[in-house]
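Let's have the full structure, built from the sequences with the hints guiding it.
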Amino acid sequence: MSATDLRAFYLRYIAALNAHEIHRMDEFIADETTLNGEPGTRDQVVAVLNGVIDAVPDFHWEPLDIAVDGDRLAARLTNTGTPAKEWLSVAPTGASFEIVEYAVYQVRDGRFVHMTALHDAETLRRQLGA
Numbered sequence: 018m019s020a021t022d023l024r025a026f027y028l029r030y031i032a033a034l035n036a037h038e039i040h041r042m043d044e045f046i047a048d049e050t051t052l053n054g055e056p057g058t059r060d061q062v063v064a065v066l067n068g069v070i071d072a073v074p075d076f077h078w079e080p081l082d083i084a085v086d087g088d089r090l091a092a093r094l095t096n097t098g099t100p101a102k103e104w105l106s107v108a109p110t111g112a113s114f115e116i117v118e119y120a121v122y123q124v125r126d127g128r129f130v131h132m133t134a135l136h137d138a139e140t141l142r143r144q145l146g147a
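Sequence positions in the sequence shown follow the numbering used here and run 18 to 147.
It should be emphasised that the hints constitute simulated quantities derived from the structure, not laboratory data.
Have a look at the derived ranges for each label pair, beta carbon to beta carbon: (1) R93 - A36: 20 to 30 Å; (2) L105 - T51: 21 to 31 Å; (3) A101 - A20: 32 to 42 Å; (4) E44 - V121: 18 to 28 Å; (5) A101 - D126: 32 to 42 Å; (6) D22 - D82: 10 to 20 Å; (7) T21 - D126: 13 to 23 Å; (8) V117 - G57: 15 to 25 Å; (9) R29 - T51: 20 to 30 Å; (10) H136 - R89: 15 to 25 Å; (11) A112 - T21: 36 to 46 Å; (12) A108 - A36: 20 to 30 Å; (13) T51 - D22: 14 to 24 Å.
Only a predicted model underlies this, so the values are computations on that prediction, with no experimental measurement involved.
All C-beta atoms in this analysis are idealised placements derived from N, C-alpha and C, irrespective of residue type, glycine included.
Below, the structure written as structure tokens:
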């Protein structure tokens, strides 16, 4: 996949996330993947995403920067939303959050085989009033 193709692939992935079309993740994530350094499956990633969207129905990912190097992609995003249910051990208060996420991926055969994401959980909890 060229750098342009990988960038377009990633933006399609983000568009599917933002449309909450989690059923489409088989287009983007390999059956077996590494998730934050641990072996995992697409089904596990889907379960995490469904849990996030269930708790934060307006969760939104906004890519700010994307860098591509061969089969690897790194992104800096802004995540926003307002939890409607308990999330990350914090009861909903009506407060919204806006945090930065850093994500790194490796793509093989047109799908993610390594996925790592990092965000400031303490800032997120503070914004939610925890």
